[in-house]
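With the hints as extra help, turn the sequences into a complete structure.
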Amino acid sequence: MDSDEGNAQRVPLSQRPDWSDVTPVPQDDGPNPVVPIAYKEEFVETMNYFRAVYLADERSPRALWLTAEAIRLNAGNYTVWHFRRLILEALDGDLHDELGFTENIAKSNSKNYQIWHHRRWVAEKLGTDATSKELEFTKKILTLDAKNYHAWSHRQWVLQALGGWDDELHYCWQLLEEDIFNNSAWNQRYFVITTSPLLGGLEAMRESEVSYSVEAIVAHPENESPWRYLRGLYKGDIESWVNDPQVSSVCLKVLSAKNNNFTFALSTLLDLLCHGLQPSQELRDVVDALKASGENDQPDPDLAKTVCWILESVDPMRANYWKWRKSKLIS
Amino acid sequence: MDSSASQTPTVSQRDQWMVEHRIFQIYDFFGGLPRKAQSAMLELQRENHMEYLIKGLKRLEPSFSVLDANRPWLCYWILHSIALLGECVEPELEDNVVDFLSHCQDPNGGYGGGPGQMPHLATTYAAVNALITVGGERSLSSINRMHDAGEIDVRACYTAISVASFLNILDNELVQNVGDYIVRCQTYEGGIAGEPGAEAHGGYTFCGFATMILINEANRLDLAGLLDWVAFRQGKECGFQGRTNKLIDSCYSFWQGGVFALLQRFHSTLDEQLALPHSGEGDCTNDSQKTGLNASCPVNLNSIGYNFIKQPAETEPLFHSLALQQYILLCGQDIEGGMRDKPGKGRDYYHTCYSLSGLSGCQYSSAEDEDSPPLPSAVMGPYSNLLEPIHPLFNVVLEKYYEAHEFFAMS
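Protein sequences appear in the order of chains A and B. For the first sequence, my numbering assigns the number 5 to the initial residue and increments by one for each residue that follows. For the second sequence, my numbering assigns the number 170 to the initial residue and increments by one for each residue that follows.
As a list, the in silico DSSO-like pairs of lysine-lysine whose alpha-carbon atoms are at most 30 Å apart:
#, chain 1, residue 1, chain 2, residue 2
1, A, Lys-295, A, Lys-332
2, A, Lys-239, A, Lys-257
3, A, Lys-262, B, Lys-405
4, A, Lys-330, A, Lys-257
5, A, Lys-330, B, Lys-479
6, B, Lys-227, A, Lys-44
7, B, Lys-479, A, Lys-332
8, A, Lys-144, B, Lys-514
9, B, Lys-405, A, Lys-239
10, B, Lys-405, A, Lys-309
11, A, Lys-115, B, Lys-405
12, A, Lys-332, B, Lys-405
13, A, Lys-115, B, Lys-227
14, B, Lys-405, B, Lys-511
15, A, Lys-239, A, Lys-309
16, B, Lys-405, A, Lys-327
17, A, Lys-144, B, Lys-511
18, A, Lys-115, B, Lys-514
19, A, Lys-295, B, Lys-405
20, A, Lys-257, A, Lys-309
21, A, Lys-111, A, Lys-143
22, A, Lys-332, A, Lys-257
23, A, Lys-330, B, Lys-405
24, A, Lys-143, B, Lys-511
25, A, Lys-115, B, Lys-224
26, A, Lys-257, A, Lys-295
27, B, Lys-514, A, Lys-44
28, B, Lys-511, A, Lys-115
29, B, Lys-479, A, Lys-327
30, A, Lys-257, B, Lys-405
These are calculated hints, taken from the structure and not from any lab test.
Take a look at the structure:
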């Protein structure tokens with residue numbers, strides 16, 4: 005059975021001898037359905053025949069072929085995908101071929117949940133034989149869209165279930181070289197340093213990762229990703245985050261620079277102060293310098309309050325949030 | 170790494186600048202108009218939207234074949250949008266909705282994406298919400314109770330728990346491991362991901378947070394971290410983005426914007442987590458007491474949805490409500506009716522539903538309680554833009570929620 009190309013050449017199933025024993029089952033929408041779709045002839049026929057084999061629970065090669073046709077017409081039909089899996093199990097189908105099949109469908113449907121779910125099912129069955137193929141496949145998708153949520157989820161699943169961690173940190177580094185603003189790559193980096201069995205875990209990696217984030221911050225202080233990543237490196241240990249001199253010093257560096265990208269530096273400083281940072285005189289001075297251009301002349305001894313006040317002005321989209329933060333400061 | 174000046178822009182930067190450019194063109198044009206013209210531009214195109222919505226309910230083009238397994242969603246998106254606009258659907262059409270969804274129902278309970286399809290959590294959620302939006306005895310009594318097995322995904326948790334809560338069948342057995350799972354899904358950024366390890370994302374953040382509230386475990390999340398992450402998801406373009414350094418999209422007006430409505434009723438817990446004395450009763454179980462739940466009594470999970478909305482919102486919303494409304498009205502509306510992700514994208518029912526839901530959320534974000542209507546200053550554009558209020562946990566129109574709640578409480 006070969007797949008047809010182009011409606012003009014397609015032989016309707018009703019005219020095919022190898023389907024002559026099957027009575028197609030029409031869809032039972034009821035008499036006055038809502039949201040009725042004006043399906044094309046090919047769609048109606050394919051689904052009518054699918055319903056027939058599905059209801060008969062026919063797990064045959066021709067049924068397998070039919071599910072492929074149905075999927076091509078609507079890759080979102082999870083019932084069809086489910087039945088396809090039942091058939092593959094019954095026929096002990098070639099799962100490597102199946103990877104090829106999903107790759108084909110994924111080319112035009114990379115954001116479709118069912119495809120990725122199916123891929124995961126196949127890979128799980130193949131086990132470690134599939135590892136490199138899966139990493140390659142997700143890499144391919146990520147080359148087209150470096151933030152594809154499904155691809156990243158699948159990649160994480162592959163690493164945890166099947167392994168292949170060796171090059172992952174380097175892969176993150178590569179993606180960040182291409183686009184330092186790619187938050188998905190930063191997230192993956194976090195995943196690798198916290199989960200990879202080849203690395204020492206978060207605390208062991210912390211120092212080098214702090215340096216890496218600080219470098220990224222200094223290059224683009226307006227980039228939110230490394231700021232959150234830096235904070236994340238101290239998850240569960242805020243005190244160490246407050247006490248790491250590199251954190252307060254990168255805030256100082258950014259605030260001292262002659263550009264306007266200091267929202268995250270101020271926000272980070274605010275958080276540090278709320279968690280007990282004793283600010284240096286330099287920090288106080290640089291914050292006061294930012295305030296000097298404003299109308300308020302009163303020097304507020306409470307640095308955190310001043311920071312909130314500045315943020316209300318330089319980050320007006322979040323004015324209500326900064327006002328609320330200010331109201332929560334213990335005076 | 171070089172300084173920004175000497176490098177070519179990255180993909181993220183380029184995409185972001187293109188969107189900003191387009192949107193600021195619209196805002197600049199708007200800013201230069203006389204008052205009356207501005208008011209006209211800010212008007213919610215109710216008639217056009219209704220035309221688009223009713224048309225979809227009655228007939229969909231062949232290109233919709235890719236949504237053939239999502240027809241309950243189409244029902245919900247369309248009906249909820251109509252309800253938000255404060256409009257009605259003719260009784261005959263309503264009956265057709267109920268009948269159609271019955272044809273999608275599985276004999277063992279649950280709804281599939283279309284007649285003859287397997288039941289699925291997401292389509293069940295959509296069908297139930299659609300039927301609640303239709304309202305009335307016939308619609309509500311058509312829902313058969315069911316028992317679902319859990320799937321592994323934050324969105325699946327939400328759809329299951331939400332439906333169970335509505336139908337009064339939430340119990341500890343169903344709920345047991347859900348809280349543990351969602352806690353693992355809160356990322357280092359503060360938002361919530363679809364699975365542990367994945368990236369913090371607006372859709373999953375709403376689903377995760379709403380679920381935790383419904384199972385009375387919201388205090389297990391780092392709410393301060395959650396708030397900080399979601400606050401930064403509103404860009405200078407005024408709309409919300411789904412993830413850090415990604416583009417804004419009108420649907421996040423609800424997914425992200427909606428989180429604030431939930432947080433507004435959680436300030437005691439937030440204060441606790443910030444290790445601050447609460448300005449109210451200063452009691453650790455403040456939020457619990459307010460929701461009618463008590464550490465010493467067994468928690469009635471099925472009352473949480475109802476008690477949540479009865480509780481007053483404690484503060485001003487912590488996002489920029491007027492800015493978001495501006496984005497939705499000036500950039501989200503399609504000239505022929507319906508709403509879209511952003512200028513340059515096509516309209517669709519999903520974006521229409523969530524843009525309008527987000528808009529409603531904004532309009533009511535300063536309202537202290539459900540009995541006081543929003544002040545004109547809270548509504549962007551003419552006051553006639555005012556939509557119906559929603560229940561922020563379930564995203565159905567509040568009036569419809571009460572009707573359904575009463576119905577299921579008695580059955």
